[in-house]
Amino acid sequence: MVTYFFQNLINALQWGSFYALIALGYSMVYGVLMLFNFAHGDIFMVGAYIGFGVATGLVSLASMGALALPNWLILVLTILISMFLTSFVGMIVERVGYRPLREAPRASAAITGLMIGIILETGNLAILGARRVSFPALIQSTTYDLGGVFVTNKKIMIVVVSIALMYALHLFVRKTRWGMAMRAMAFDYVVVPLMGVPINNIARMTFAIGSALAAVAGILFGVAYPVLDPYMGVIFGWKAFVAAILGGRGSILGACLAGFLLGFIEIFVAMVFPSTLRDFIAYSIILLILTFRPHGFFGEPYSARLRL
Amino acid sequence: MLVVENLRVSYGGIRALHGIDFRIDEGEIVCIIGANGAGKSTTLRAISRMVPAESGTRMIYKNEDLLKYPADKVVSKLGISHVPEGRRIFDNLTVMENLKLATFARKDGAHKIEEDRERVFSIFPRLEERRNQKGGTLSGGEQQMLAIGRAFMSGRNVMLLDEPSMGLAPLLMLHMFEALKAINEEGGTTILLVEQNARLALKFAKRGYVLEHGNLVLEGNSEELLADPEVKKAYLGG
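Listed in order, the protein sequences are those of chains A and B.
For the first sequence, the working numbering assigns the number 1 to the initial residue and increments by one for each residue that follows.
For the second sequence, the working numbering assigns the number 1 to the initial residue and increments by one for each residue that follows.
Just chain B, with the same shape it has in the complex (with noise of 0.2 Å):
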């Protein structure tokens, strides 16, 4: 389970998140839906140790206190990967080369981590196809595989996701989020998951928060939240 309590984060003096608390169940899929700039990214980069939470903040994963990790360890020792808002593929690495990178300091294997690649290229296809490509090589919608495929390959007991539908072609984005669901039920991994796109979003996650200028202002399950007036006035297009 992940806890998080009173996570606040201030980027040059300006608080982003004011203090905000939730928790996700092992396994759970859950997705914080926000406007742009509600603070949805910086949630995910406080909990992958990308931005500083401020003191009074606490970040509990399976009894390990998250803030005494760095982002790397976070990663590796945790199994808390994160695939991050426009993907961020290493473009002068080969589709081969960023899977790998993903394994750095995982130790369990040469085998093990072989049958992960495979288990990748089983879900994505395409990235089998262009191995040997350059990331910058690759369109949007591989590019976003390849970002989930390294989570995938780095560490799988939490993934969090910033807007993964980004920029997708509608029927990518179902693709894209029936191979998460997939993932998600065969290696009971827990999802989290931030998205502009809130019907999208509540339709794959089984529970909800609604952020709004770095405060968490409702929360409930999926249909729930998709027949909240509030919600549907503000997020679903009316």
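If we strip away everything but chain A, and leave its shape as in the complex, we get (with noise of 0.2 Å):
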């Protein structure tokens, strides 16, 4: 029972980086603009196939003996050169659907958010045909068995990669003038450029840092389970909405928090009812949870923030 009990833990962990990682997009991007890029779920997307398109183009490569590139490398280089290139979507869709609409009604920049989405979706579709893709195995799985727990080292591997983003992210926010920007405009966006900080700078950024993890969250998804298709955005996109709700719109802490809460109810539900009754079960204690607490673990209410 004890063994078994850790051996889902470790499962919800690594759900939980997934959802973490997705979810810190949609609350940075809260945070600063007060917005929600209803097509993040679909950016994850679009980085997991960027990093299919990379590790592909790289193990190639490295058969034809262009590169002599051990595995292990070309999965560090997916991460990096997908991250880089994801981000750039991010900053299209900001540039393209979002800033145009900062002074629309939020509901606009919704509809927009969604339409974004199936654009990349059938986007996708158009480009690659209906097949679904797989993601190449860089990783030789290994499993240790921890007393009675089965451990493998892709699992170790996406926690420990996810936490690491996490905490990065963490300096980031905490550490730099960037990281400030992002926190001052959290707070007030309308006096920030009275600082002489451009927000459109902030603002591109903050897509591009949610967008280049949601890329990571896609590649290591594609590690643990390497079949792709275009639509994996979306249900996994809306949970980790959820996420950044119950963690409360805007907080870094409350996003990764809850991605890995969402991840342990998931799979703690599943322990115990049949695998058919778990979204509805775990997503109903959910909606429990938010009934007593609306703006989640470290939310604010709308009302403290100021507006011109």
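Source of the hints: derived by calculation from the structure; they are not laboratory data.
A virtual CB, placed ideally from N, CA and C, is assigned to each residue, including glycine.
One thing to keep in mind: the hints can contain errors.
Claimed, not checked - List of simulated lysine-lysine pairs, DSS-like, C-alpha gap at most 27 Å: (1) K77(B) x K175(A); (2) K62(B) x K206(B); (3) K175(A) x K112(B); (4) K175(A) x K107(B); (5) K175(A) x K73(B); (6) K134(B) x K175(A).
To be verified - Going by beta-carbon spacing under 8 Å, a handful of chain B positions derived as facing chain A: (7) S48; (8) Y69; (9) A71; (10) R88; (11) D91; (12) N92; (13) E97; (14) F104; (15) S154.
With the hints as a guide, bring both chains together as one complex.
Laid out in structure tokens, this is it:
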């Protein structure tokens, strides 16, 4: 029973990592611009595909002998290159989709986000067709037996990389002037330009970082579950959005914790109930939590923010 | 010299400023007085490009067309800083962070920035005591000090001050104006101040304008305005 518990704990940590990495993108953008980027789940999907493309390319280069790269290095390069490329997707979405709507009603931005999401999904279909693609196996799976609990090297890698990135983001937001500008915008974006801060650049950067993190989530997902399809971002996107709400809109720590909590709830519900009931029960629990804490764990009521 | 000509601003079709003209020389202290809703804050917001001016408006600072600059560049390129109404301190940032954010776009090096921060702390020692406290925990007076400190750090060719006396005890008000005077005298900072407290503003400024319903109706030296029967009746309590 105890080993069963720990076995599920490991699985929950892995799922939580995906949710948390994606939820961060929702939360950061909300914090800075007070809008939810409903295309974010699809940016996760695009990131996974970009990762697929980069990894496949590097693998074939390596197999042709053009590059002498070990697989772990291919994975590292895939992550870095995909973060870079996917950040541009986020920046384009911000520039084309959201910046013209900065002063428009929030509903307009939400509708735009949903449409951008559909464009990304169907654009993928148009380019790659309806077949699923499989992510190259870059890591030889090794299973460790820790007193009856089985842990794979992939799971360890996924959780460690995710937590390391969350910590890096935390440092970025706390210690750099860019992060400081993000926090200032979260509190009162109207006066931020009066400090000489170009808020469009901050907005663009926020989308870039959120998208880069979503790309990592996509690649890590591809490492764990190597089959990708154009709609993979939809359900993940909505669940991560729930995590962002649960954590408290705009809260980075909240998004991380709620992402993991979501993973735990899902996995542990599935431990007790049939898996067909998993999401029904899991999200009923979350709805109940939000009934008592509508602002989430670390969120603030809308009225706490100042406006001109 | 800051030249403003035919400044017109509307909010949602309702005109708040009907084409006002004024100019301020380098190093001058000038105030705009007027009742609530006369358009004082709007004037400052138009200069700092927080609200758009309508076509036909001309705003020139040192031969640069202000209208070509977005709000952040007005601060970082032209050195025109704006202490907004209600101070608008970032409650979630510490005093140090508030000051640091104001130097976001500065490129003159950490040493110069450090020097300026020391100067802010010497003008307002209270801020140094509170340097690691969150902005939201400061008193109103301390927040005003921080708001002025921020403006000092971000750009100080010109400082636009919106109701710096609001909500302050009389002694604190005097302290604030002495600090502003010191900043003006030592750095040649031009100051444009808008105030409801007309008596205080006219004692501090050399010149003043009277703004009524979006029009400048009177201008003159402070002594003249203080002695003007209309001004006395309307703004100085008889």
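Going through the hints against the structure:
1. In summary, the hint linking K77(B) to K175(A) is supported, as the alpha carbons are separated by about 25 Å, within the 27 Å threshold.
2. Taking the CA atoms of K62(B) and K206(B), the gap is near 21 Å; set against the 27 Å cutoff, the hint holds.
3. The hinted pair formed by K175(A) and K112(B) meets the criterion: a straight-line CA distance of about 20 Å does not exceed 27 Å.
4. Using a Cα cut-off of 27 Å, the hinted pair K175(A) and K107(B) holds, with the two alpha carbons roughly 19 Å apart.
5. Between K175(A) and K73(B) the CA atoms are separated by roughly 24 Å; this keeps the pair inside 27 Å, and the hint holds.
6. For a cut-off of 27 Å, the pair hint linking K134(B) to K175(A) stands: about 15 Å separates their Cα positions.
7. The beta carbon of S48(B) comes within 6 Å of a beta carbon in chain A, closer than 8 Å, and the hint placing it at the interface holds.
8. For the restraint placing Y69(B) at the interface with chain A, the shortest Cβ-Cβ distance is roughly 11 Å, beyond the 8 Å limit, so the hint is violated.
9. Annotation: A71(B) was flagged as interfacial toward chain A, and the flag holds, the nearest CB pair being 4 Å apart, inside 8 Å.
10. With its C-beta approaching chain A no nearer than about 4 Å, R88(B) sits inside the 8 Å limit, and its interface hint holds.
11. About 6 Å separates the beta-carbon of D91(B) from the nearest beta-carbon of chain A, less than 8 Å, and the hint is met.
12. Taking 8 Å as the C-beta cut-off, the interface hint given for N92(B) holds, the closest approach to chain A being about 5 Å.
13. For E97(B), the suggested interface contact is upheld, since its CB lies about 6 Å from the closest CB of chain A, less than 8 Å.
14. Residue-level restraint check for F104(B) holds (minimum Cβ-Cβ distance to chain A is 5 Å; threshold 8 Å).
15. The beta carbon of S154(B) comes within 5 Å of a beta carbon in chain A, closer than 8 Å, and the hint placing it at the interface holds.
Violated hint: 8 only; the structure is consistent with all others.
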